[in-house]
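K.L.:
Each chain, letter by letter, is given below.
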Amino acid sequence: MYTFRHGVHPDEKKELAKDKPIKVVKAGKTLVYPLQQHIGAKAKPVVKVGDQVLVGQIIGEADGMISANVLSSVSGRVTAIEERLVVGGQKVESIIVENDEKYDAIEGFGVERELNDMSKDDIIKAVKDAGIVGLGGASFPTHVKLTPKDPEKIDYVLVNGAECEPYLTSDYRLMLEETEMLIKGLRAILKVFPNAKGIICVEDNKKDAYDKITNSCVGIDNVTTALMKTKYPQGGERQLIYAVTGRKINVSKLPADAGVVVDNVDTVVSVGYAVCKSIPLLRRIMTLSGDAYNETANLNVRFGISYKEVIEAAGGFKADPEKMISGGPMMGLPVFSLDMPVSRNSSALLAFAKDPLSNMKETNCINCGRCVKACPINLVPTMMYKAAKSGDFEKYIKLNGPECITCGSCSYVCPAKKPLTPYFSYMKFAVRGYLNSKKEKEAKK
Amino acid sequence: MDMKLNVQSSPHVRDSISTRLIMLDVIIAMVPAYVWGVLKFGVHAAIVVIVAIIAAILSETLYNMVMRRPNTVDDLSCVVTGMILGLNMPPEVPLFVPIVGSVFAIIIVKMIFGGLGQNFMNPALAGRCFCLISFAGFMNNFTSTLSVDVYSSATPLMLLKSGVEFNVLDTIFGNTPGTIGEISGVCLLIGALYLAVKKVIDLRIPLLYIATFAICIAILSGRATDVNFIVAHIFSGGLIFGAFFMATDYATSPITPFGKVIYGVLLGVLTSIFRLYGKSGESVSYMILMGNLLVPLIESITMPVAFGKEGK
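The listed protein sequences correspond, in order, to chains U and S.
With numbering that gives the first Met the number 0 as the guide, the letters of the first sequence map in order to residues 0 to 444.
With numbering that gives the first Met the number 0 as the guide, the letters of the second sequence map in order to residues 0 to 311.
Warning: the hint list may mix true and false statements.
One side of the interface only, derived from the structure: several residues of chain U facing chain S at Cβ under 10 Å [stated by the list, open to error]:
1) Y1
2) T2
3) H5
4) D10
5) E14
6) F139
7) P165
8) R237
9) Y241
10) V243
11) T244
12) G314
13) V334
14) M382
No lab work stands behind these hints, which were simulated from the structure alone.
As the structure is a computational prediction, the values presented were derived from the model and not from experiment.
Ideal Cβ positions, reconstructed from N, Cα and C, are used throughout, including at glycine.
Kindly produce the complete structure, drawing on both the sequences and the hints.
P.N.:
Below, the structure written as structure tokens:
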């Protein structure tokens, strides 16, 4: 079985939602599409207030090398283009569409296409037009991943089905319910990389999904599966690549530098739909879990629907939540308002009646070394923390702090309950600023 | 919507482990040795340990009060310090000795340097060595008026040094004179096993310490084939106690994985040399303290290589 060194084993809690089949959520009256739902440049609005839009119509166009299209997931009228709050807490320019509930789609929507008839460029264009970005959480535009410098050199396409975050079950449900489309999507990506082998990587706590995919892969010679040990952060890009291929990359390298392309399950399924069925990325699969809900669920949600509507559709709260998280509990963002749209990085919406961290007491670091044993990057988090806290950038860089993937494993195991990961997330930006100003100073000399 | 939601940075879940639980585990692990010591040496031994613990708790409370800091005794680390110190006292020691030891350990070695985790020496050990130097007479008097089956007032270590033959099994099970907690290897190993199973201690340091010590003793003494002699050395002079309960102290041992290896081996070598050629028998305590001082150096040369940065 494939795995990596170190890591942690948080309570999985997947049993709460793993047996709930994916249900479609009906869109409400108003939909909000932030123009920045991806890593890279913000998309440029290509509609005006008052315009009629159709399902699948591009309303924000990719702007620059690394950017992605934003599409309307309903038909209706553009009522406003204004700044709206998104989960991260920023205000982002958004297109607001009033749903006419007719769901008229653009021309060619849903037309079946034969993979064999499509060229490499057709596939990349289909992916780009469909606005597909990585749905695992980082939202990196997928068409950029499909166009590395040297496609010939890619010899592995890994489908990330680790879903190592606790509570999350959306990828698991997709692997069970959309097995065929998953394999189709992977084959479409493999057409772009002639020398690559596709491997669908699943953690062993989802053995039934693994078995189903393995059986469906029989007879397809360039697609196989890999069973990985259940451990957090097995789904981290570097950990996944190392576990399955034995190759190691660091912060200064892209997976493509190691000859690998990694895509999340939902991303690959979306590629399958975009390429084989001409259905662009209009929805994502979300897990609603946690003890504050009446009913946990796995939902198929159109982008633009507000969190509030999603929760109502799922059956609402049984208790007022004290803590809500967008994404998984290890790396997700805290939710402070439900008046936000579902966007491409909304992999889950967790709600807890009691915040598990509310009575946490911070004590002195006792140098126990649990963080060292947990760190998948082989760092010494407690020393990084002390350097970060005292603003010693040189020391932080010397300790390889910039290699940190902010997976949260060190904070998770810390008996002194030190805020390690928050400091490292902050340092990710602070170090960049420090290096820039250092460079400027040197240039002046 | 008028819901109030807590907002923190990720991760949003934490392991249930806490400093307090770790300290509690260490206390539990020392209970077998304590119980054995009390059974062997009687009520005064029981009181010595309790007095050491109370003195440690009061010193920390008082220090925090004077310095106007929140009290930190609820993390139980001062209880651990007091307990280790008490268990390292001879059973008939006058009660003022553990009190002085605890006050020194907590105030001078631990709190002045910033409290828990900030000390560069193991407080209990430093306290013990302070007492050894200051009250050599009391600290080296192992005559027990209460115990019936102890056949002499000389500890196994003293016997080893003077070359007298004695029963090795007695040293392993603890039918010998000695400090309250160190005598029974079996009880200490039960505690160590508990700590290892609960993943409180990393076995690299103690196992390498004892293994290196045994090998060095075998080579240096020229009695490599004398198993009794080597086993007697391992189970005397507080080596088991020191290896599992003091050398593994988080704050004063290296945090880096390879550093732990170096530290264990280094302690083994130093202790064996001191044990064989030193005048005092106290090789374990002094050598662990010496090792403590080398920790920053060991850490700085054993920093792990970051993932994906190998060969650069």
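K.L.:
If a hint holds in the structure, say so; if it does not, say that too.
P.N.:
Results for each hint:
About 16 Å separates the beta-carbon of Y1 (chain U) from the nearest beta-carbon of chain S, more than 10 Å, and the hint is not met. Look at T2 (chain U): its Cβ only gets to about 14 Å from chain S, farther than 10 Å, so that hint breaks. Annotation: interface hint on H5 (chain U) holds; nearest CB of chain S at approximately 9 Å, less than 10 Å. For D10 (chain U), the interface hint holds, the least distance from its beta-carbon to any beta-carbon of chain S being 7 Å, beneath 10 Å.
The criterion of a C-beta within 10 Å of any C-beta in chain S is not met by E14 (chain U), whose closest approach is roughly 16 Å, and the hint is violated. About 19 Å separates the beta-carbon of F139 (chain U) from the nearest beta-carbon of chain S, more than 10 Å, and the hint is not met. A cut of 10 Å between beta carbons decides the hint on P165 (chain U): the least distance to chain S is about 7 Å, and the hint holds. Interface hint status for R237 (chain U): upheld, as the beta-carbon distance to the closest one in chain S is roughly 7 Å, under 10 Å.
Interface restraint check for Y241 (chain U): the shortest CB-CB distance to chain S comes to about 8 Å, inside 10 Å, so the restraint holds. With a least beta-carbon distance of about 15 Å to chain S, the hint placing V243 (chain U) at the interface is violated under the 10 Å criterion. At a threshold of 10 Å, the smallest CB-CB gap from T244 (chain U) to chain S is about 13 Å, leaving the interface hint violated. At a threshold of 10 Å, the smallest CB-CB gap from G314 (chain U) to chain S is about 17 Å, leaving the interface hint violated.
Given the 10 Å rule on beta carbons, the hint for V334 (chain U) holds: about 6 Å separates it from the nearest Cβ of chain S. With a least beta-carbon distance of about 8 Å to chain S, the hint placing M382 (chain U) at the interface is held under the 10 Å criterion.
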